[in-house]
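Visitor: Residue strings, one per chain:
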Amino acid sequence: MGDLSQRFCTIAGKEILVDNEGFLWHVEDWTEEIADALALECGIERLTDAQWAVIRFLRNYFSYYGRAPMNRDLKAGLGISLLNLEALFPGGIRHGARRIAGLPNPKSCT
Amino acid sequence: MNKVKLKINGVWHQFIVEPGRVLLDLLREDLRLTGTKQSCDRKGQCGACTVIVNGKAVRSCLQKVSRLDGAEVITVEGLGTPDNPHLIQEAYVLAGAIQCGFCTPGMIMATKALLDRNPDPDDREIKKALEHNLCRCTGYIKIIDAVKLSARFLRGETTPDAIRPDPNGPKIGVSHPRPSAMIKACGLAEFAADIKLQNALEVAVTRSTEHHARLLSLDTSEAEKMPGVVGVMTAKDIKGSNRIKILVADQPILAEEKVYCLGDAIAIVAARTKEEALAASAAVKIVYDPLPVLKTPGEALVTGAIQLHADWPNLCYRQPQIKGDAKKALAESAAVVEADFSTQINHQAPLEPEATVAYMEGEGEDAQLVVVGRGINIHQYLANLQEALGYENIRYEEAFSGGNFGQKLAMTSEAISGAAALHFRRPVRYIPSLAESMIMTSKRHTFTMKVRLACGADGKLAAFTIDFIIDNGAYHIIGTTIIKRVLWMLSGSYNIPNVDALARLVYTNNPAGGAARGAGPPQITFALESAMDMLAEKIGMDPLEFRRTNSLLPGQSVSTGMVYDQWPFPELCDAIRPTYERAKREAAALKDGPVKRGVGLGTHAFGIGGPADVGRVAVELDPDNGLTIFAAVADPGEGNDSMLTQIASHLTGIPMEKIRLVTRDTDRTAGMGPAAASRMTYMAGGSLVLAIEQLKQAMKEAGVDTYEGLKNVGKPVHYLGSKIAEGKEAILDPETGQGPSFESRVHAIQMAEVEVNTETGEVHVVRVTTAVDPGTVINPQNLEGQLHGGMDQGVGFALREEYIHGETKDWFTFKFPTTKTAFDMDVIIRQTPRTKGPLGATGVGEMTMVCTAPAVINAIYDACGVRIYDLPATPDKIKAALATQEKPLT
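Residue numbers (the working numbering), protein chains in the order written: chain W, 1 to 110; chain S, 111 to 1000.
Calculated directly from the structure, the hints in this document are not laboratory data. Only a predicted model underlies this, so the values are computations on that prediction, with no experimental measurement involved. Idealized CB from N, CA, C, for every residue including glycine. Some hints could be false.
[What the hints assert, rightly or not] Here's a subset of chain S near chain W, in silico, CB distances under 8 Å, partners left out: (1) Leu357; (2) Asp476; (3) Gln496; (4) Thr590; (5) Thr779; (6) Val827; (7) His828; (8) Ile841.
[To be verified] Stretches of chain W that chain S covers, calculated by requiring three or more beta carbons in the stretch to come under 8 Å of a beta carbon on chain S: (9) 12-26; (10) 58-67.
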């Protein structure tokens, strides 16, 4: 059944290490091209400005605090309701937006 | 009912109590004096509840209040406060006797009672006085030191000020008191069961009485009508995935169609009182359809065996490791040894039960579910709770934690309390018994191992083959990770050019294996290090010389193929040699009678900084020019608070009292991964160094050194450091097991001196010595404390401890170490700074027990000529082996 915690994927022409749920292992590997590619995988043909705003918020928050924001932080930071936030991405914020933004899954034991 | 007057901590109180009410519950529940702890289900086994009644140390769980009228009671709260501590509390802090702190109040009270009647006790008297007080962290060494230091303080021979390290002096390599030690000594550190939660419901869980069965029906109607019951919930009431998951989503919080293991949770009852909840949980009616029970991996691997989980085969993971040509090397070797080894299921045995509380904070859409427990990977817990409960707005908080040893890598009781608080929208307390705590937690995996080890005529290792099967138990937890860790470290301290290994992980209906101090290497090292002694004997080499001869050298590769440029193992062999030769001489003189002494060695090179591991720590300069560290660095007793504080103060020059730690709360911390895998000093310390370097760079660029200065030039005062361990990835080649390994290693040799009574089979451990090179030592006392506790756990693993699911229910049946089993310990430290470690440091939390068991087993062989291949080496096994007086296997 293969390795359960990591695998390599080719995303936007780059070999990228991801975890078993397809989250980037290294947040530093992320580029806007990778976001476009991951979005396409989720069925988003072209990321909208509203979606980019969420992605940038996620990345800025993570690079400052070292953790992903809660939805209430997104709501406060972007002025978007929780319902609208969740609807912005297939898979919602946690499985959709966070993955596209290149944020890691919370880690288990390595 | 009985009317009783008690003078408690100098104040008279009157109580009207039922005849069965015990003093422990009165203190904790009626007076909220929660410094007095409860571990052993009120059986008088642990001593965590020790208080002084009429001048004598008593276990308060055994004292009926109705019989104490007029008594004078002193609890830990009656001794001192952090601002005005008792000299005994000062001594415990300064001696480094406090790790998790759960046993500490009881220990301190037993110490006071002893010293009140005997101001100058010797070791034997101290051990006798503390024989009812259990500690899992310290091996009792520093506790005995603390009693002696207390006595010196009380006799006026010295003072705390005279021995306290200068807080303004050097920060690295100095045993500054742990920041958290004094509140633990004063009984003020809140463990989960101590949390004061208004109007909380008490929760009880109905658990499976079957090992493997379909659930045909589940009837909660009678339970719901029971007195005090607020509600009963089952799997259908959980809105999320209902899964506890680290790697594989195979463990339901509440059983759905099947139970996979004795004790699986099936229903949650919430009631006004714990007694009412327990009564109702017993009234839940379940009809089972029993299924075949897979008791061993062998049964699970038989063709036609029932498949435990629909989505995963019983053989759920396999990974070979092949380096060189072991088959050819074996054929050409001068000497080969071959043997089968096995290890037991073991319990990590933290003293604190699986207590947790949960509540909703706020109202409506913004209500946040707050779950408090003993988790050591709080952001992973948060993510797991979000997914499992189908609720996003959650905060996880780590309470003070009464030991851990890897056990709480996987969530247990928190899923229950969280689900209940969310469902009932009421605060809940889930304070399970010790017996229930044992049944719900993951355990150390059993290994069965077939080993061949070969060397040339020159004594150089030529080949190592090992075929090993790991019993995963009913749930995966981190089974795959265990295999990877074993293979990353398979060749131990040595250069073994040819390796052929096969690892298999198998589901059974046994309790789930999980993280347990060392997590894989202790089991494998038992086999390898036993085989090393067998091979040394076969070729007539001294065991220490044989190990030194086979040390890996810088530039050589371990079994994964990774090359190391630092490997200070031969120097450790030289460092322990005088002690080893002394021990061998002493043992040689004690071979004639029925009690025979022997000396045994075990070594390891434990991995630190897993491939591609990532840490994150944020720092912020405060307006008063103090520094706050924000990182989820759980500290269930290791001393991570010391590590962060001393590194930060050393690097910034900010006084230690102005270094502030925010480490316990998912809303305020950077995700740091688990406080497991010996990774906190290396990964969190490493990330802290990187964060502080950014802060100092900003100050340098601005030409300022204050908060105000940075603010005035518009520079940030908040920086995030992220240490990323070397290794592009953590993946081993699926066919060869070649690939990365750990960025660094901590090297150790342990030597056991034991006496075997050949008439009874009993083993007395005289002394264990650890020679270790951990790189730079940040806090020597904390380092020694880890080594002592690990040696004690390693001896328990070797000789006594075994967890039998459904039978091991308390500390007696577990054979918990006591002052009676305590033994002398010595530590030899070499410090080779590691080029990639924070300030040159590594980590020692696990290394310390990895090679203890083989050292003990090799010493038993040296003493009496019998070798034990399956742990634990109980007197019965040794007697049986002596009866046949087997020859060494070849």
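Visitor: Next, verify each hint and record whether it holds.
Guide: Hint-by-hint comparison with the structure:
With 8 Å as the threshold, the beta carbon of S/Leu357 comes within range of chain W, its nearest partner Cβ sitting at about 5 Å, so the hint holds. The closest approach between the C-beta of S/Asp476 and any C-beta of chain W is roughly 7 Å, which is under the 8 Å cut-off, so the hint is satisfied. A least Cβ separation of about 7 Å between S/Gln496 and chain W falls short of the 8 Å threshold, and the interface hint therefore holds. A least Cβ separation of about 5 Å between S/Thr590 and chain W falls short of the 8 Å threshold, and the interface hint therefore holds.
Restraint check, S/Thr779 versus chain W: the minimum CB separation of about 7 Å is within 8 Å; hint holds. Of the supplied interface hints, the one on S/Val827 is violated, with its beta-carbon coming no nearer than about 12 Å to a beta-carbon of chain W, more than 8 Å. A least Cβ separation of about 7 Å between S/His828 and chain W falls short of the 8 Å threshold, and the interface hint therefore holds. Here the hint on S/Ile841 is kept, as its CB sits about 5 Å from the closest CB of chain W, short of 8 Å.
Counting residues of the segment 12-26 of chain W whose beta carbon lies closer than 8 Å to any beta carbon of chain S gives 4, which reaches the threshold of three, so the coverage claim holds. Counting residues of the segment 58-67 of chain W whose beta carbon lies closer than 8 Å to any beta carbon of chain S gives 5, which reaches the threshold of three, so the coverage claim holds.
In terms of the numbered hints stated before, the structure departs from hint 6 and from no other.
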